[in-house]
Amino acid sequence: MSIQTPKDISSIDFGLMDPETYRDMSITKVITADTYDDDGFPIDMGLMDPRLGVIDPGLECPTCGQRSGSCPGHFGHIELAAPVIHVGFSKRVRRLLRGTCRNCSKLLLTSEERGEFLDRLERTIELGDDQSDVMKAAIRQARKKDQCPHCGEKQFDIKHEKPTTYYEVQDVLTNEFPELIAAAMQGDAVRDEDPDDVDRDPMSPDELANETGIELSRINEILSGTFRPRPEDRKAIEKALSVDLTEEDMNKLMASDIRDWFESIPDEDLEVLGIDSDHSRPEWMILTVLPVPPVTARPSITLDNGQRSEDDLTHKLVDIIRINQRFMENREAGAPQLIIEDLWELLQYHVTTFMDNEISGTPPARHRSGRPLKTLSQRLKGKEGRFRGSLSGKRVNFSARTVISPDPTLSLNEVGVPDRVAEEMTQTMTVTDRNRSQAQQYVSNGPNTHPGANYVKRPDGRRLKVTEKNCEELAEKVEVGWEVNRHLVDGDIIIFNRQPSLHRMSIMAHEVVVMPYKTFRLNTTVCPPYNADFDGDEMNMHALQNEEARAEARVLMRVQEQILSPRFGENIIGAIQDHISGTYLLTHENPEFNETQALDLLRATRVDELPEPDRVDGDIEYWTGRTLFSELLPDGLNLEFTSATGDTVLIEDGELIEGTIDEDGVGAFGGTVVDTICKQYSTTRARMFINEVAALAMRAIMHFGFSIGIDDESIPGEARAEIDETIDNAYDRVEELIEIYENGDLESLPGRTVSETLEMKIMQALGKVRDTAGDIVSDYFGDDNPAVVMAQSGARGSMLNLTQMAGCVGQQAVRGERINRGYEDRTLSHYKPDDLGADAHGFVESSYRSGLSPREFFFHAVSGREGLVDTAVRTSKSGYLQRRLINALSELETQYDGTVRNTKDTIVQFEFGEDGTSPVKVSSDVDHEVDVAEIADGVLEAEFEDDGDTFLEQVRDETDTRTNLSERMDAITAQGDD
Amino acid sequence: MVDATEHELVPEHHLVDEERLEEILDEYNIERTDLPKIKRLDPALRDVDAEAGDVIRIERDSRTTDTAIVYRLVIE
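These protein sequences, in sequence, are chains A and B. For the first sequence, numbering that gives the first Met the number 0 gives the first residue as 0, with consecutive numbering after it. For the second sequence, numbering that gives the first Met the number 0 gives the first residue as 0, with consecutive numbering after it.
To be clear, the hints were calculated from the coordinates, so they are not data collected in a lab. Bear in mind the structure is a predicted one, so any value in this text is a computation, not a measurement. Mixed in with the good hints there might be a few duds.
In silico EDC-like pairs for lysine to aspartate or glutamate, Cα to Cα no more than 16 angstroms straight-line [unchecked claim]:
(1) Lys760/A - Glu741/A
(2) Lys903/A - Glu50/B
(3) Lys380/A - Asp355/A
(4) Lys373/A - Asp311/A
(5) Lys38/B - Asp128/A
(6) Lys36/B - Asp904/A
(7) Lys38/B - Glu26/B
(8) Lys36/B - Glu50/B
(9) Lys36/B - Glu125/A
(10) Lys90/A - Asp355/A
(11) Lys517/A - Asp406/A
(12) Lys238/A - Asp193/A
(13) Lys903/A - Asp128/A
(14) Lys903/A - Asp33/B
(15) Lys135/A - Glu160/A
(16) Lys28/A - Glu78/A
(17) Lys161/A - Glu357/A
(18) Lys373/A - Glu344/A
(19) Lys36/B - Asp128/A
(20) Lys238/A - Glu210/A
(21) Lys36/B - Asp129/A
Start from the sequences, fold in the hints, and give me the full structure.
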């Protein structure tokens, strides 16, 4: 056997396959349904013929001489006793039957029409549109013809009974013709005609004979039913008596008839339909030979007890061969047509289910156990099929999955990897002069000590496993040119992912920090992009296997490169939850700290020297929260914006002058300070800032102490009384409305019925209760209340949540209306029928703190359930929508000329997004657009006046060359940074 | 019938002359069939005397740039 060399694919043709090709590529005809003989050897010309390929290890393939694994397997074939229709083409067969003549097989189009469709086809190809639309249109046109324009043959309608039966619908003489003619001759109504509408003159047999030109004796014979009139006589009689003597009859088209029909369709006619007759003759859609897939495609497995279990495809092929043989035997024995037809249908069924076992209208072929067989198309279709399951996505090596947990001491770029994962995942290092001793150290540590190695590869290509026993010995042998598969160590780059991967930031690159225990550890600030929390979430890690991948990941995929979201062009990574409460507490009332406290707050940051104190009291120095926060800001930062709390934040030259730092300042999803640093400085600087804000905020929140308990939602008695009063007032108002309504005095709002108006007004009145309760509640809670702090700073929760906890839960709703479902005319049997009152329709006057009454609890659960159902429905709907969108958009690409094109190179957008701009590169500040003029001036100056020294220097200052280095390197080079 | 071209959201549609068209096709290095398509009977082409094969220039308002220009090939 010669060595096969890889070949270039220059083109691919898709088409039907000629039965002769099936025979040519077949290594053997398969004639016996048995697989193995009594001694367990495969039978020649059986389904397991050794020439079809080898699956048992060690055996040699008699066809190609290769062994299991390298032998691709070889096709066999079955000669079908009678032609059967290929299910995959049943629609195409139907179209061709409808569009061609039943006699001469020519396309039922005049030459002008043919020309039109040929032109249209040409244009369609030119425009790159779907050719099958032209075919459909041509068939639709051809189907309108009652007669063949070429041979004049009358055409019948073709009825298709799924999956593979075709009938010609013909009009034939009904068996009731004598009665019908007799009735018509008496002038009576026939069939289902309305007797009143019938206007038919009675006619004698003589007159009828005259009228039709049929002999009188014949007419009498016809009337007695002894003679069936010929078609032309039938038509004459029908015309004379204006009566319809026909009934529809279904004439079944056998597969062999269809094959003959298709064989004589001329090539030129196929061209009109967009069929290339060189590659796809239509008669090839009707199978006369069935290819038998190689055994490698349907391997049998040996069970523990030594019994062989065959693949589903083999089972199906056994069925086909059995029926095929029975068919042949019966036909040779001259069995009646009825039996032959039954067997034919059975053969058709088996061949059909061999190819597709999920056809509607056909019972699926089943295994003995009752399980439907997995046949050819089931192997390809769907999520677990060959395309989606084995080609687009498959299982990968060098991956790990485990539970995630938080670790605030990590940088957001890092991930804590359990040591046992690090020992399993490896990175290949090529041994050079410079890393040889390091490599030897790894090898000598062996596979079970952390920075160790699992395999080495010698320059001759031989791979050796490093074991506890041979590691010392092997380490000595490691030379330049060897490859060592070492464990993951701190600073390695890996890819980290959480499903569902809905956006770019669901997969990011992190630097490894090897840690004890079993979970992946994350900095909490990267939770928003992954949408992760720590209630049991698991994430996947992939170790990169070549230098190119590692470089790409480091430059493009590292977390800090993803701080800005392309969705809205602002940062998606930033402070969350307690970080925000922390910066709020630190900056809102601008508290003071003594030296010990101040140093404690900043201890987890790079800042190791305090600035000038803000106040000196005697010999004690004090620093304010804002001053300490300012230490984290880069020099030269100037900002002015409104915080979530509502005050104006002013930052001048990297100093926080006034204002509260909260969600709008440093939060994820568009915290202004983070966003600005990211855009005006660098992603590295932004990363440092976020890390340090998180660290400072945690220290701050720990300094002040932050907790929330049941007493934080309690309100004084007078507040409760106030709320109760509003509730009572609202109840009165509702009663009043109901009374007006029942008296019929309620005026309806435009476009609504009176009862709708009442509902609206009640909802309005009750809605106001919660608002009022909210106002009352917030009056009684001070700014130091933890729930208020969280709501104001944007850390978590809202004032509405607080109102519901302390004041009144309010109206429960289903589909935006009060709860109206349950029993007839009432929601619960606790209420009278047609009670329109507030409490009968789900108004909850209690607060969460006071607890809900049983009835309130029920209504609350009703609307709570609606929320759950909505989320469940939404996720599945949006998931499918997303899949469709991705499939539609995945081939679009922005070209170097700025246009967006698909793979056919047709233009979708003339300029990406109409402005050719990336959302993350645009200033989020309306007042600070990119100053193109200044940049251009700089470039010009650099080019012509002072050799560009000033400009280049400026550029150099702004370019952060540290980005692509490991974070550990940053720590070294960053010394002396602002 | 409502004249769609009068509507404020329907941008200006103009026929592109052959000379200019050559430049455009050259600029993007494409055949005219690579352009996006517009039906000849599109309501926006009411006042444009266009045949299949002609190219239409559409000048629309854009949120990100003031105006965005799009060319479309007229088809049947």
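Tested hints:
1. Lys760/A - Glu741/A: The given pair, whose Cα atoms are some 14 angstroms apart, holds under the 16 angstroms limit.
2. Lys903/A - Glu50/B: Given pair Lys903/A, Glu50/B is violated - Cα atoms ~25 angstroms apart, limit 16 angstroms.
3. Lys380/A - Asp355/A: holds (10 angstroms)
4. Lys373/A - Asp311/A: holds (6 angstroms)
5. Lys38/B - Asp128/A: At roughly 14 angstroms apart (the allowed maximum being 16 angstroms), Asp128/A and Lys38/B satisfy the hint.
6. Lys36/B - Asp904/A: holds (14 angstroms)
7. Lys38/B - Glu26/B: violated (24 angstroms)
8. Lys36/B - Glu50/B: Distance ~13 angstroms between Lys36/B and Glu50/B Cα, so the pair holds.
9. Lys36/B - Glu125/A: holds (13 angstroms)
10. Lys90/A - Asp355/A: Answer holds: Lys90/A to Asp355/A is near 15 angstroms, not above 16 angstroms.
11. Lys517/A - Asp406/A: Judged against 16 angstroms, a Cα distance of about 13 angstroms means the pair holds.
12. Lys238/A - Asp193/A: violated (19 angstroms)
13. Lys903/A - Asp128/A: holds (11 angstroms)
14. Lys903/A - Asp33/B: Roughly 8 angstroms between the alpha carbons, so the hint for Lys903/A and Asp33/B holds.
15. Lys135/A - Glu160/A: Violated - the C-alpha atoms of Glu160/A and Lys135/A are around 19 angstroms apart, more than 16 angstroms.
16. Lys28/A - Glu78/A: holds (7 angstroms)
17. Lys161/A - Glu357/A: Holds - the C-alpha atoms of Glu357/A and Lys161/A are around 13 angstroms apart, at most 16 angstroms.
18. Lys373/A - Glu344/A: Cα-Cα ~21 angstroms, so violated.
19. Lys36/B - Asp128/A: Answer holds: Lys36/B to Asp128/A is near 11 angstroms, not above 16 angstroms.
20. Lys238/A - Glu210/A: holds (9 angstroms)
21. Lys36/B - Asp129/A: holds (14 angstroms)
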